[in-house]
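Peer 1: Here's the letter readout for the chains.
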Amino acid sequence: MRLNILTIYLKEMKEVLRDRRTLVFMLVMPIVLVPLLMNLLIGFVAKAEKKAETEILTYVIFGAENLPELADEFTNDERFRKVDFPDKEEIPAGIEQNKIRFALVIPKKAAQNLEKGEKVAVQLYYNNASLPSMVRNRAGEVIQRFENRLRSSRLASLGLDTSEQQENLINPITIEEKGTAKKREMLGERMGGILPYLFIIFCLMGSMYPAIDLGAGEKERGTLETLLLAPIKRHQIVLGKFFVVFTTGVTAALLSITSIGIMMTIKLKEISGELHDVFASISVVDLVLIAAMLIPMAAIFASLLLSVSVYAKSFKEASSYCGPLNFLAIVPAFIAMLPIVKLDWYWAMVPITNVSLAIKELIKGTMNYQMLIAILGSSVIIAGALLLFCTKWFEREAVLFRE
Amino acid sequence: MIEVCGLSKSFKERRKKARSLIGLLQRFRSSEKFFAVKDVSFCAESGTILGLLGPNGAGKTTLLRMLSTALKPSAGTANIDGVDLVKNPLEVRKIIGFLSDNTGLYGRLTAREMIEYYGKLHGLDSSRLHKRMDELFGVLEMTDFVDKRNDSLSSGMKQKVSIARTLINDPDVIMFDEPTTGLDVAAAEAILKFIESCKDRGKTVIFCTHHMHEVDRLCDKVVVLDAGRVCFDGTIEKMHKQTGQSRMDKAFLAVLNSGRAYNAA
Numbered sequence: 001m002r003l004n005i006l007t008i009y010l011k012e013m014k015e016v017l018r019d020r021r022t023l024v025f026m027l028v029m030p031i032v033l034v035p036l037l038m039n040l041l042i043g044f045v046a047k048a049e050k051k052a053e054t055e056i057l058t059y060v061i062f063g064a065e066n067l068p069e070l071a072d073e074f075t076n077d078e079r080f081r082k083v084d085f086p087d088k089e090e091i092p093a094g095i096e097q098n099k100i101r102f103a104l105v106i107p108k109k110a111a112q113n114l115e116k117g118e119k120v121a122v123q124l125y126y127n128n129a130s131l132p133s134m135v136r137n138r139a140g141e142v143i144q145r146f147e148n149r150l151r152s153s154r155l156a157s158l159g160l161d162t163s164e165q166q167e168n169l170i171n172p173i174t175i176e177e178k179g180t181a182k183k184r185e186m187l188g189e190r191m192g193g194i195l196p197y198l199f200i201i202f203c204l205m206g207s208m209y210p211a212i213d214l215g216a217g218e219k220e221r222g223t224l225e226t227l228l229l230a231p232i233k234r235h236q237i238v239l240g241k242f243f244v245v246f247t248t249g250v251t252a253a254l255l256s257i258t259s260i261g262i263m264m265t266i267k268l269k270e271i272s273g274e275l276h277d278v279f280a281s282i283s284v285v286d287l288v289l290i291a292a293m294l295i296p297m298a299a300i301f302a303s304l305l306l307s308v309s310v311y312a313k314s315f316k317e318a319s320s321y322c323g324p325l326n327f328l329a330i331v332p333a334f335i336a337m338l339p340i341v342k343l344d345w346y347w348a349m350v351p352i353t354n355v356s357l358a359i360k361e362l363i364k365g366t367m368n369y370q371m372l373i374a375i376l377g378s379s380v381i382i383a384g385a386l387l388l389f390c391t392k393w394f395e396r397e398a399v400l401f402r403e
Numbered sequence: 001m002i003e004v005c006g007l008s009k010s011f012k013e014r015r016k017k018a019r020s021l022i023g024l025l026q027r028f029r030s031s032e033k034f035f036a037v038k039d040v041s042f043c044a045e046s047g048t049i050l051g052l053l054g055p056n057g058a059g060k061t062t063l064l065r066m067l068s069t070a071l072k073p074s075a076g077t078a079n080i081d082g083v084d085l086v087k088n089p090l091e092v093r094k095i096i097g098f099l100s101d102n103t104g105l106y107g108r109l110t111a112r113e114m115i116e117y118y119g120k121l122h123g124l125d126s127s128r129l130h131k132r133m134d135e136l137f138g139v140l141e142m143t144d145f146v147d148k149r150n151d152s153l154s155s156g157m158k159q160k161v162s163i164a165r166t167l168i169n170d171p172d173v174i175m176f177d178e179p180t181t182g183l184d185v186a187a188a189e190a191i192l193k194f195i196e197s198c199k200d201r202g203k204t205v206i207f208c209t210h211h212m213h214e215v216d217r218l219c220d221k222v223v224v225l226d227a228g229r230v231c232f233d234g235t236i237e238k239m240h241k242q243t244g245q246s247r248m249d250k251a252f253l254a255v256l257n258s259g260r261a262y263n264a265a
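Going line by line, the protein sequences match chains A and B. The opening position of the first sequence corresponds to residue 1 in this note's numbering, with each subsequent residue numbered one higher. The opening position of the second sequence corresponds to residue 1 in this note's numbering, with each subsequent residue numbered one higher.
Treat the hints with care, as some may be off.
[Claimed, not checked] The calculated lysine-lysine pairs, modelled on DSSO-like cross-linking and capped at a C-alpha distance of 30 Å, are:
#, chain 1, residue 1, chain 2, residue 2
1, A, K316, B, K38
2, A, K392, B, K203
3, B, K203, A, K233
4, A, K99, A, K116
5, A, K182, A, K269
6, A, K313, B, K203
7, B, K203, B, K241
8, B, K94, A, K233
[Unchecked claim] Covered stretches of chain A, as calculated for chain B (at least 3 residues, CB under 8 Å):
#, segment
9, 13–20
10, 209–223
11, 228–238
Hint data in this document are derived by calculation from the structure and do not stem from the laboratory. Backbone N, C-alpha and C fix where the C-beta goes; we use that ideal spot for every residue, glycine too.
Isolated chain B (complex conformation) (with noise of 0.2 Å):
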């Protein structure tokens, strides 16, 4: 279960580009903050899927960013399973996993090689290191292929390896950032279903994607940020009566508009 509460992060303002040494020095001196993040609260149960929606600079990445630990918030907190992210940020990498576009694999080492390091790296002893990951390789059907250097794979089993090292401590709530992103049809849905397999087997799934038929199929519920701010929380049917679009694109829009009319009101 994932609780968010006032989350918000702010970086220093970039100004335009310094005309002079002393715009130079100002922009190093400068207090300015935007805020990527500002005041986002949800809450996502566990056995259900969230999904994290917005156009893109709305600030998704950097709160998964917050929620994986990767970040540090400039204010309000969350808890993830009941352990709070700003205290005990290592007791959270220890159940989260976190799955995005970019397979970020490391191509001269082995499928294998790369799951047993992401093990070790977790502080899982050798015996279960080594049954989780024939767990894994079975179950991702990753056999033919483990002992091949990642540079030689193709996208397909590159996102194999991947949600592998996701898993390789069995997370209780699992990020996926964009991940069909790239992938070919065939790719894409072995994705989805493992997506709605983490559901099945009860576990807590925040899933941010542009794809609107990803969402209508996989969410229970969405959250939908623009610059920062949530502007809708509630679910597909929610959405949908209180757009009044039957669409899921459309209803995605149709809360856009209506957000932005009511912050320039």
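If we strip away everything but chain A, and leave its shape as in the complex, we get (with noise of 0.2 Å):
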């Protein structure tokens, strides 16, 4: 029995490593893509943050007139260039089309309301798509400054000279955050999201094609009949053919968690701050337990796309349900995404989102090994009896010899 097995497996693996878009899923998109991917993200990031930082924003002052002293406090910072601008009335516009990253609009007699001890509002024009905004929170810090210069020189009129003495009369009462969480997880929680996420997908997309091939394209090439009048019994055929597509899921997920172990590595010495911290504190002991979780995955991503696949007559019909089929795998692996979603018992019991989350906390290192093995043994179990299912479904005439 095994022999045969075996015979069906290695004959199935030596035609997917014959074909190109099996070997595009399974080899090249992990190896090449992840670390492009992971690559376009932290030079993205590290873009943006040196932009954020080196920009010199373009700004026009309404009513500058009004309040000389925080116009200036702008024109003497040299992140800050004033423009020519028109129209009070076309600020929204002037922003739309990047003419203006900002305008302050002072009230009449801000001065003078000032000096008499009174309030004022400056109405700050600036595109709020964004968030966090790097606008809001530069111009923010000029007007802040110029704030305090304002408040001190008050409080230092009602008597109270020091700093310290203003400082207690603003706020009698401080906290003193003291976090409990380690940065890695923190930076965990935050990042960790992504990767479980990616290692998901890329097992399923190796397992996809090679399933579909092997099911309904053979029904479709007609080996499948010829097959089915070997003297062998049918769940040695699925079982071969199971393996096949679980070593191409397994395979694309380890590609996957390989290359961005060596990019990794490679990138560790390039980077620095938070980045640099998660990718260093996760161990190798961690990405075996990442691979350990996505072996039952990969079985459960085997057995339902073959049950689909031998369903359908044709490659075209088993691609139109494949999809579907995705959306059942993407989705949960993108809950585990979500913040408010955190790894419990309750969530523990759900098949994907489960992995996901299990995933993440390995990342954070914060893992229950309790709940580890409760992971993978339900996802064991629900593993298997997706195969038993695919062996009977595969041993029914309606499903092989379907009009």
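Join these two chains into a complex; the hints should help.
Peer 2: Okay, structure coming up:
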């Protein structure tokens, strides 16, 4: 029996490895695309941070004569450049067309009102679509600087000369934050969601094409019927095929982990800051455990995809069924990226999401190992049940000879 | 030798498209059946060629699929060289070969790899398998292309690979399902000669076709199916005599018409 399964497995693997499309999904994409995506992501983040720090922001002030000290604050700051802008009514259009990055409108008699100790409202126009806004922060910082000086002089006129006296009046109670989370946990929480999502997608993509080819593809080419006439049991055929799809899924997932591991090692020397700290804290053991989580996942995908593929009459039909199936895999993986979803015993029982959350916990370094065993166990049970279903499904004449 | 006794195959009736949810549920719960093959009996002796004829949808492919154990009969049984195909389908598969119009080749394998694969699935040991492969490659004149991928072969070459695959286990009973469909004259002639040679070697052959000149040339006996039932079972001479037609195509149509008239009455 084992020999028949092995014979089928070896033959199918040979065919799969000679297929360009499978090689692209199984080998090329995880090896090339994952490092490329990560490189782009790191590059993009670094570039965006640099731009936010160094970009000179163009601006206009209407009513600068009403509060010249504030206008001077902006003029004296090298990170801002004042431009000519004709009309106050055109401010939103000017920001939209990128002629100015922000505009300040200072009301009449602002200086006099401040002199009298009254409050003045300065209007700041900017594009608030991006959160957090670089413009809002930098312009706000300058206004804040001016406000602090003004507050300080007002308090001094009240007899509070030292900065300590002033601080005690403004903030009688301060909160000293003592966060208990380790840096890895904090950063892993922010960035650990995307990696399991990528691993799961690659695992699914790696198994999809071989599964369609080995089921519906064989049906369409007429080779499945000749295979069914060989003196072997049908469950041996399906097991041989299952192991091939499983192998391609696991290979794609492991390659994506390996390529990320290699890229992390190389990039570690180049990058600094928070990203460096996260990468440096992930050990080989963590990567091995992540790989272990993806093995039952690959078995689940292989059983599901093979069942769908065997049911379909043609390659095209199988591809159309696999679309919604993708959705079934992607949505649970995506749920784990939501900040409100935490790994607990409830989520530990939800297939795919549990693996995704467990990988996130492993990246954060906060994995509860009892839960890890439970997730692995439940995934293995689900994979086994789906494989049993796939085997029974394959033995049904109505499925194999669907008209 | 093939002995078929009261073989039937029924499928769940497919109703018209369900127009409502209730209709859809009824469709799934339906227990109505239709018979693709009903109560078919005949016998084919060793060293003879039996022609299996019938219009499209008559049940020929379903019958062949049952005889090759791809489908399980709903009723009745058949013995292939004394082996009951319902009780011992795996044993039957060891002694049969099946060739259809669809060559059913693995495009990314070479002819040699594919034949070797089927030989292993038939449980042939390595020395016996390679001896048999060399024998087949010689007889079928395949040596020039056995190491080329099947995808790159011409349709005639592909049909030869298919024949080699069918014969790798040296089957005693061989079934051909419209083997010459889509082939050019030369390739079709090679197939017909091959079928004749099977008869000469004492094999039992079932030959299913729509080409009546091929039936006239090859078959010792014919079984005509219509709507899943046998409407004629006998020799070619008997068919001509019974219908009064000297041409095979006309004799075949006469058999069908008389069968339909009988059923209508």
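Peer 1: Let me make sure I understand: some of the numbered hints might not hold for this structure. Which ones are they, in numerical order?
Peer 2: 1, 2, 4 and 6
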